[in-house]
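S.K.: From first to last, the protein sequence lines are chains A and Z. Take the first sequence: its letter number 148 is residue 148 in my numbering, and every next letter is one higher. Take the second sequence: its letter number 23 is residue 23 in my numbering, and every next letter is one higher.
Bear in mind the hints are in silico, worked out from the structure with no lab data behind them. Note that the structure is predicted; figures quoted are calculated from it, not measured. Hints are not guaranteed to be accurate.
[Said to hold, decoys possible] Simulated restraints, written as ranges between beta carbons of each label pair:
1) Glu105(A) x Lys195(Z): 28 to 38 Å
2) Gln114(Z) x Glu105(A): 54 to 64 Å
3) Asn231(A) x Lys138(Z): 39 to 49 Å
4) Lys17(Z) x Ser3(A): 21 to 31 Å
5) Asn5(Z) x Lys189(A): 54 to 64 Å
6) Ser217(A) x Ser217(Z): 48 to 58 Å
7) Arg216(A) x Asn5(Z): 49 to 59 Å
8) Ser208(A) x Ser208(Z): 24 to 34 Å
9) Ser208(A) x Lys147(Z): 33 to 43 Å
10) Lys189(A) x Gly117(Z): 41 to 51 Å
11) Glu193(Z) x Ser198(A): 37 to 47 Å
12) Ser208(Z) x Lys62(A): 23 to 33 Å
13) Lys62(A) x Lys94(Z): 55 to 65 Å
Positions of the beta carbon are idealized from the N, C-alpha and C atoms, including for glycine.
Listed below, chain by chain, are the residues.
2 protein chains.
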Amino acid sequence: MLSKNTIKHIQSLSIKKYRTQFLEFIAEGEKIIHELLLSDIHIKSIYATPQWLDKNKNELQKADEYRAVNEIELKKISNLSTPNEVLIVCKIPKNELNIDYLKNELSIVLDNVQDPGNFGTIIRLADWFGIKNIICSKESADCYNPKVIQATMGSITRVKIHYEDLVSLFEKLSIQTKLPVYGALLNGKNIYEQKLSSHGIIIMGNESNGISNEIRSFIKQPLFIPSFNSNKEIDSLNVAMATAIICSEFKRLNPINR
Amino acid sequence: MLSKNTIKHIQSLSIKKYRTQFLEFIAEGEKIIHELLLSDIHIKSIYATPQWLDKNKNELQKADEYRAVNEIELKKISNLSTPNEVLIVCKIPKNELNIDYLKNELSIVLDNVQDPGNFGTIIRLADWFGIKNIICSKESADCYNPKVIQATMGSITRVKIHYEDLVSLFEKLSIQTKLPVYGALLNGKNIYEQKLSSHGIIIMGNESNGISNEIRSFIKQPLFIPSFNSNKEIDSLNVAMATAIICSEFKRLNPINR
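Construct the complete structure from the given sequences, taking the supplied hints into account.
M.R.: So, in structure tokens, the structure goes:
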């Protein structure tokens, strides 16, 4: 039996305020939990059906504690319309951003991406393309939102997400590194005709407003994915789609890590 | 005032069975409705606030009828958690598939794509890349599902969606045309190293199971987007992401329509 307080605590973790207060997040779904248990993320609690616990005996010692729960309890703590057999509570890892480390890497900067589905998809894309760091403006969606965690399909365990003041980040980057700064802009240059570096920063903007003026000024190489449709009504690609195509272009031209 | 019957009828259109029976679908959202009103899709009814009707006077004659509704009524007929100012009921267009027409085109075949968000995103991508036809297996999600319509952001007015028995379609295609048939497969060839034609068929598969065995046998050129991450846990890209990258590659190499 879960106590009322435990249920209330777990439920509170679907709200950012409480995730920040407790430095904890929840995850659900067989695949994501499997990857979290394999990762170096600190697992506080496993809440699972007796069947799941029995089936996954060898993984239980990775958590501080595990508790058998019935379906009614699982429904109470779950964020899914059809709860899975298991839910875990994890500690939010401390991802410290080391600017030196970015020097030889390709990294993504998100300027106020808000939709959890888009954000989760971008994390999954970064993982696929071997991009290890995503740096977000402080107003961006929270990567520990259960919907983001769900959409990453486990990639959250491999891609490091940092929240930074982007203006001071770019100021530091321009002083301490020679990293090329690319950005997706509607008036950018045709991406298929540009030289793209193996390392650098790719800035992607908000779903409605794109990259803010303040951040735009740091872009040295504005990029645009041309439309192949002459109809003028199509205004833009969704930010996750654009990220997919841009990452594909960078990695196609610099397949060093493959 | 809307009658109970009218409300019930509009509500029923969020269910496929009734859309098929009445050959009608609903759309919401400023941008999508604007594009539907510009398109040659037959608009049956506009249900909008008096303010919206007043602001859009010149577009009202495109519909068979329009009705002023209040916020309570709009909430009843809307599929959105925060209803917009307007909802329209449209006739489902008859999209007849002409195989001859595909001969010089690049087209997408969807073998049982189920998620409305993925499907809507793929329609939007097709539009961006100037792909005019998407042919779906009969088990695929319904493109007139309100969630798909929403995710297309208006592209549904420009991309023709066909539902066909795929086996007989591919049999006909192989007899009547020389169209190259590409498919996204995990054991395909590195897409960045292939010759991609300006015309042909690209097959994308179901979210969990990929392309069915029956349809797989028609693929002459299996394609794969390589991962740039050596970690083996990453199993695949989401189908909409993969479609974005594949379309980008085809059009980058064949920019004829740009």
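S.K.: Run through the hints listed earlier and report the numbers of any the structure violates, in increasing order.
M.R.: Numbers 2, 3, 4, 9, 10 and 11, in rising order.
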